[in-house]
Amino acid sequence: MLKSFRIGGIHPPENKLSRKAAITPMPLPEVVVIPLSQHIGAPAQAVVAKGDVVKTGQLIAQSGGFVSANIHSSVSGTVTSLDPVADAGGVRRPAITIRVEGDEWVDTIDRTPNLIKECNLTPQEIIAKIAAAGIVGMGGATFPTQVKLSVPPGKKAEYLIINGVECEPYLTADHRVMLERGEELLVGVQILAKALGVKQAFIGIENNKPDAIKHLTELCANTVGVEVVPLKVKYPQGGEKQLIDAVIGRQVPSGGLPIDVGAVVQNVGTSLAVYEAVQKNKPLIERVVTVTGKSLKKPSNLLVRVGTPINALIAYCGGLPDAARKVINGGPMMGRAVANLDASVTKGTSGILMLDEKEALRPVPGNCIKCAKCVSVCPMALEPYLLSNKSKRGMFADLEPLKITDCIECGSCSYTCPAALPLLDYIRQGKAEVMKIIRSRKS
Amino acid sequence: MSDVLLFTILTMCILGVLAAVILYFVAQKFKVFEDPRIDTVESMLPGANCGGCGFPGCRGMADALVKNDDISALYCPVGGASTMNGIAAFLGKAVAEKEPQVAVVRCNGSCDKRPRTNQFDGAPSCAVIASLYGGETACNYGCLGKGDCVAACNFGAIHINPETGLPEVDEEKCTACGACVKACPKMIIELRKKGIKNRRIYVACSNKDKGGIARKACVAACIGCGKCVKTCQFGAITLENNLAYIDASKCKLCRKCAAECPTGAIVEVNFPPRPPKKEGDAAKPAATKMAVVAPSASKPASAEPKTKTATTTPETKPAAAPTSAEKPTVAPETKPQATTAQPTATEQPVSAPEAKATPSEATSTSSEQTLF
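Protein chains in written order, with this note's numbering: chain B, 1 to 443; chain D, 1001 to 1372.
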């Protein structure tokens, strides 16, 4: 029997339309807008001025704190503006706008396709290189990778788990990376294992990607300490805590971090970025993005420079279909609807999904019938109906003992609700309020 | 048999008397003294338990009024000066004089002035929208129109006008308790001095963006041009973060700023209509009146060229049609607030031609979580 997480979970239709589409590099846009806050934590501080000429891979914004990340120019050209630009949610945030002129890369970046397996750096040097390259978790959470790799004193990492689950319906970016960049990926995994000082790494892959499992298992055969773990197809198998439970059978305690059970989880995209940063000196300036949708002409997996407008991606894949009613940044379960198509692809954009009317439609909510389906599917063993209700009524103080901060916002509750209640909308708001209460208590 | 009955009844009686005596002495011994004036003061308070005074309810306020020697910091906005004076006379303490206040909504971005760029179909709550994204329009600061303020009001003094999509305050009912001020995630509701004859002038905009961006998002936005600041002879207007603010304590209600404002962001309430002046002046005034709180006031003097966008008549939809064309993301503009609490569907006949393509509730564009 395949391994899986133990509590809750759902199985939405997979719809992996672009699974066969090879990764294609996307042509450079005319203008890129690179937001200064593409990661969780403090925004980066711009180190270029208007009118500066920058090269591809040049540092343009310095990490703004411990939990923050460097940002590099993804193109070569002239900085035309440092004014705030509307993000995908329509909120104006600080960003650097660069007019693209040619594609001249920084000299130190190795752009040859040669595979470099040897890595003689110490763990500290590896982490420093990763921090300099501005790598963040590319599964969508965008947590700065160097922070995750810096194991706090008193804790010990035992296992490195690589997340190749891609449990979100529609998305295939990680799948293609595993198929096409497997060798580089494995070197990245070994580098990460070395940085953490762990002996054993696992690559968790959902069983709906047999080709990726086969390919990586073959590659792992002559690699020591890396093992592929096929996992049951169940959402949210790729949630960090769920994956740890599935692969090594340990449950992260409430309010704890994966390192509390000796695990560190990294995405396959992140591992590839780590390989490129450490072995090729290439900062995180491009990523694979799945552009998909049932009515889209050409569902694709594109290698896109950070800062490319979402519009350009859609146009490259055959234009916005007439039937599209909602564009989503990310997957259909956890992604966010895009209110502004001029917004750019960031380090955390794993997919651009166009839903047509039937899929985009949210049914009119009914009344809670206390069927407890949300409770049985919640992978964090919470009571979504109760959290949502209390949050709706503004009873935020009650939510903390109900462990609302454990919610991973996977959306299983809203998906499964027969009354179509917007459970997660309220839970997420309640969670934000509870976090505020906790923060104010600490300070 | 009767002996048993008699014995039982007697025992019960004796027990009852005994318990009563014990309880009497215990009650005397552990009596909690409570100032009887608290009850009286509580009965003098309005009993709305709205929390406008800062206490959870009227009892808490009454307690504080009786116990504190200096009650100048305490004020019941619902009861107002008459209640406070009555209580002050009863308690023999001095209360602060406060001018009556009323809630004003500092946003004038009605549907026709502030085109919708997308449509939110998630939980109908302003707080949820505010925590997710910028809102259904390009203005990041304006009213979200889902009625969190309406839900917060204990007095039924605020409601969403289905025509404009904006909340309107009923001056008669508003007690200035401040519940709506706290409920609004965009902080656009402010308590302002009610003013002489209820006349007020304020900037009905909260947009802190630069002029161009603000104007693009909403034709009634304050663009921070500073004309009003220069016009004001009393130094009542300040300009900060591209947004003008009129200090009610300095404002002399001369109405010059409202006439000067190029976007009509400064609104004047409860003033008599301006007398028509020479043509030069006539370009600006009069129509600003429409932005007023009273629902009856939505009849602008239609002919003013400068304020043509201010019309709320459903026939003219200058702004709505182009939006859906230039923003292909977004589903056809059918019914902007399909999910609001108000079920009144007045916009149906008005909406742009694309409305036919989809039933009005069927489209959805912007919410973070999608189900299918």
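Any given hint could turn out to be false.
Calculated Cβ distances over 12 Å to all of chain B for the following chain D residues [as the list claims (entries may be wrong)]:
id : residue
1  : CYS1013
2  : GLU1163
3  : ASN1198
4  : LYS1210
Here's a subset of chain D near chain B, in silico, CB distances under 10 Å, partners left out [as the list claims (entries may be wrong)]:
id : residue
5  : ALA1019
6  : SER1072
7  : PHE1120
8  : THR1137
9  : ASN1140
10 : GLY1211
Where chain D lies over chain B, by a calculated footprint (3+ residues, C-beta under 8 Å) [said to hold, decoys possible]:
id : region
11 : 63-74
12 : 87-95
No lab work stands behind these hints: they were computed from the structure. Just so it is clear, the structure is predicted and the values come from calculations on it, not from any experiment. Glycine included, C-beta positions come from ideal geometry on N, C-alpha and C.
Exercise for review: Please name the hints from earlier in the document that this structure breaks, with their numbers sorted from lowest to highest.
Suggested key: Of the numbered hints, 4, 5, 6, 10, 11 do not hold.
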